[in-house]
Structures are given as structure tokens and as C-alpha cells.
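Turn these sequences into a full structure, and let the hints steer you where they fit.
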Amino acid sequence: MNEGFWTALLAFPFLQRALIAAWLASIACGAIGSFVVVKRIGFLAGGIAHAVLGGMGIALYLGLDPMAGALVAAVFSALLVGWVTLTWREYEDTLISAIWAVGMAIGVLFIALTPGYDKDLMSYLFGNVLLVGARDLWRMAALDLLLVAAVALGYRQFVAVAFDEHFAAQRGLRVRLVYLGLLVLVAITVVLLIQIVGLILVIALLTLPSAIAAHYTRRLGGMILLSMGIGVTLASIGLAVSFQRDWPGGATIIIVTGLAYLMSTLLHVARRRR
Amino acid sequence: MSAPVVELDRVDFAYHDLRVLENVSLRVEAGEFLAIVGPNAGGKTTLLRLLLGELKPTRGRVRVLGRKPAEARELVGYVPQYPRFQRDFPITVRQVVLMGRLTPRSLLFRYSRADHRVAERVMRRVEIADIAERPIGSLSGGQTQRVLLARALVGEPRLLVLDEPTANIDQRRESDIFDLLRELNREVTIIVVSHDIGFISAYVDRVACLNRTLLCHTTAELDAETIQRMYGAPVHHVEHVHE
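Protein chains in written order, with numbering that gives the first Met the number 0: chain G, 0 to 273; chain L, 0 to 242.
It is worth saying that the hints were derived from the structure and are not from the lab. Glycine included, each C-beta is placed from N, C-alpha and C at the ideal position. Keep in mind that a hint or two might mislead.
[Claimed, not checked] Now the stretches of chain G that chain L is said to cover, found in silico as 3 or more residues with beta-carbon under 8 Å:
| hint | region |
| --- | --- |
| 1 | 148-156 |
| 2 | 159-165 |
| 3 | 180-194 |
| 4 | 211-224 |
[As the list claims (entries may be wrong)] What follows is a set of in silico ranges between Cβ atoms, one per label pair, in the way DEER data are often shown:
| hint | chain 1 | residue 1 | chain 2 | residue 2 | range |
| --- | --- | --- | --- | --- | --- |
| 5 | L | Ser111 | G | Leu78 | 30 to 40 Å |
| 6 | L | Glu53 | G | Thr113 | 43 to 53 Å |
| 7 | L | Arg116 | G | Arg271 | 34 to 44 Å |
| 8 | G | Arg39 | L | Leu107 | 20 to 30 Å |
| 9 | L | Glu119 | G | Arg39 | 50 to 60 Å |
Laid out in C-alpha cells, this is it:
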């Protein structure tokens, strides 16, 4: 069924770049998304992702690179969200909702104030994988490298804090620092994903491949590697389908991933019942 | 003569206006097996948290192995009352136990050979070696409790602190755990917190009865009058607080 896609892939560099971008995004999703799933911080990640629009809007208004603005805003909102959850845990829900919405509002405002702006907002929100340039790929690869190196270096610390914060503190681990570090890595991942699926759909790509992987492994390390593979596969399928049907790329990838998650969950439940 | 394992000197602790501990002095020497018993809300958990360095006394002094509690953390093994992790976390028993060897300087993926050796030895000791590769979520309450115990022991602590170690396991297993603790006590000082006085006094060297302050300190069996004093008092106390 995908013959047309594979032939086109050989012919069109933009399609090759789109596919490579989707793979690079899947590596980040596997490494960081697995921690988001086991630590159950999907909502926090959502807050961070949406607040990023604020930074992009401000950067655009100032005539700077919006992706640089996104990176700064993401790290800033990760630290803000982290500080909120560490300090006012009981109001966490409300405060993260506020950061989520206010960040987006700032973005919308500054984009509106920027003269000459027309269609970029949609691509920030929903991504535009077919417009990925060579420079974007290098940037994504660099961020991937950074993420993988950070996870490898701090692996046992991240696992310990994700598993049992209280015991980690008892062992003298710097729990707050490790936790904030994890949120910053989530933020960097979000920026990496924006180009592919846009910041509204980020959460699905961040969590679903890892959630599928969790059905088939009993080790976090295995979950990370497996979810990278699952992400690469599903993103490739999604891209192929979107190309053939002329559907929006990010949305198609998300729908394919969502369907895979649904099927995997049903299988998982059925297997357990037996 | 080395410093006592635990030394509390006229310790008070209050959460805002609520006095939880009052004038508590306690010395625990190396090799002891001490039970701290008392009613719920009698300050037992607060006392533990002072020993672990999670709280600071409002007044008085706490020393663990001659140091401030926060500085003695790596020498203290702690077994919580309930597991505080998600049962579906993708991790094996062995990896959970190995976490007891972590320090802030543990980087990358691998634990050292020495870490694995100690973990293996401890898992045999507490009889969980045969379930080492099982996911943590597949264990029974008693097995989970043993994993938590093993995780505390692999750090090779000089003091082992247990908070209600048998609260969520059945009674037959309860005596198994205490037999095991009795045995471990040959190598490590143990403090166990419990609300179950009758059962525990058969195993430990000394019982400290805590209800806001230390009411007794005894090596003998508890008499009815002490129990009355200890468990009679909190009823008034609680009523008073709610007035």
C-alpha cells in the first residue's frame, strides 16, 4: 500500500528530511517519554509544552529565531512548573493549568502584535513536518544527543527519583535537582517535537509510544529502547499514510499512534484476563 | 567507647502549635533491638523522622552515630510502613534492592560488582533471591516488605529503622519477619516502631513507650498500668485538641 510513498521518498528530499525528523523525534520521545509515563507527569509535560508558545511569540515579535525562543521558554516553564509542584503541591493542578493557558495567551498576543504575521500560528500548534529543513535536522540531532547523554549519565538517579522520591532522599540523592533536571529534559523534548506535531499534539507522541512499550517490558531500560523502536515505526507509517492521502502529517502520526495504543491496550487487557 | 547509635536529649517537637513530642530523652547503644510503641498520633513517626533527618527538633538535640541525623543518612537503613512506589513501575526486585546502594555520585547505568555481590547476599539472607527477576508489582505484601528490608540492608547500615514493618502482612508472616530481624540484630542495631505491644515485646531487648513523651523504658514485660497510662492518655489528648 505504501509503494507510492517509498518511491516518492527516493525522489523528494523534503520527504526524506521529514522521515529523518520523525525518527529523531522518536528517539527523544522514547528516552524522555518513558520517564513521563512511569512518573505520571503527563499533565506537567502538557503545561510545559503549551507554555512554550509564549516564548515563540515573544521571539517572533523581537525578530529572533522562534525555535530559540521556544527552547528558552520551555526550560523556563519547566523550572517554573517544577518549582510550583515542589513548593505548592496542593495547588499543583490549578497552577499548572494557569501556566498552560497564560503561556499560550502570551504567545497568541505577541504573534498578533507582530506585523506581517499570517499563517505560522497553525504550524506552531500542529506542526509541519514537510517543511523541515536541513538546519532543523541538525538542531534536532544535537538536542537528541544532549538528551540521550543526559539520560545515560543520570540514569540511575532519574530512575531512583521516578520510582521512590522518599527513599532517594533517604539515600542522600539530590531529589529536587534530579526532578528539575528531568523536567528540563522534558522541555527540550517538547521543543524537538514541535516541528513534527506542533505543541498541542506533543503530549501524545511523548507518552503513547512509551505507554505501548510498557505493555511488553518489565524494565525501564527495555521500555526506553522499545518505545524508540515503536515511535520510529509508527511515525514512519503515519508519515506514509499522510503523504498518500494528502492528510496533515502531525495529525496523521498522532492518529496512527493513538490507534496502536488502543489496540495494544486491548490486547494487554485480554492477555491479563486469560 | 564509641558514641551511642542514637541520642536524643530533651527533644521537643511541634507542628505549628501542636506539640507532638515533649522532653524526650533516649539513648540507644550499639547492638540493641529497641521497640518504640505507643498509640497512633503518639509521636512515633515524628520521632523516626527526626532520626532520619527529615525534621528538626523544636528544642533539644538529636544525634545519630554521633552526627547530625542529616549527615548520618548513608549509615541508616530505613524500611517504610507502606511502599511509596507505583506497583506497575517497570522494575525488577533486584533493581529495587540495588537502589539501596545508590549515592549522589552514582552515574551511568551499571552498579559495581561489589554492589551486586552485597545485593545477592542480602537477597539470600531475607529469602527473596528466588524472586530477584520478578517485576516488583507481582509480589505479595509479605514479599514486598522483604524487598524493602533488603533495600535498606544493602547499604550496609549501622542502624536499621523500621516503621510498622508488619502493618500490611498477615500474622503468620509477622513472626517470620521478627525472627529475621532478631537474627539481623547480631550485626546491626535495630529500632522498630509499632502499635502492637504485646507481640513485639517477645522479640526485642527494650521497649520505649511513647505518647507525646516517653512514659516508660523497660526491658521487662509491660504491665497493665503502663498500657493503661499510655493508651488512656491519648483519648483525653485528642479530645482536648478538637475542643
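So, going through the hints one by one against the coordinates:
{"no.": "1", "hint": "148-156", "verdict": "holds (count 6)"}
{"no.": "2", "hint": "159-165", "verdict": "holds (count 6)"}
{"no.": "3", "hint": "180-194", "verdict": "violated (count 0)"}
{"no.": "4", "hint": "211-224", "verdict": "holds (count 8)"}
{"no.": "5", "hint": "L:Ser111 <-> G:Leu78: 30 to 40 Å", "verdict": "33 Å, holds"}
{"no.": "6", "hint": "L:Glu53 <-> G:Thr113: 43 to 53 Å", "verdict": "50 Å, holds"}
{"no.": "7", "hint": "L:Arg116 <-> G:Arg271: 34 to 44 Å", "verdict": "36 Å, holds"}
{"no.": "8", "hint": "G:Arg39 <-> L:Leu107: 20 to 30 Å", "verdict": "25 Å, holds"}
{"no.": "9", "hint": "L:Glu119 <-> G:Arg39: 50 to 60 Å", "verdict": "32 Å, violated"}
Hints 3 and 9, counting from the list given before, are not met by this structure.
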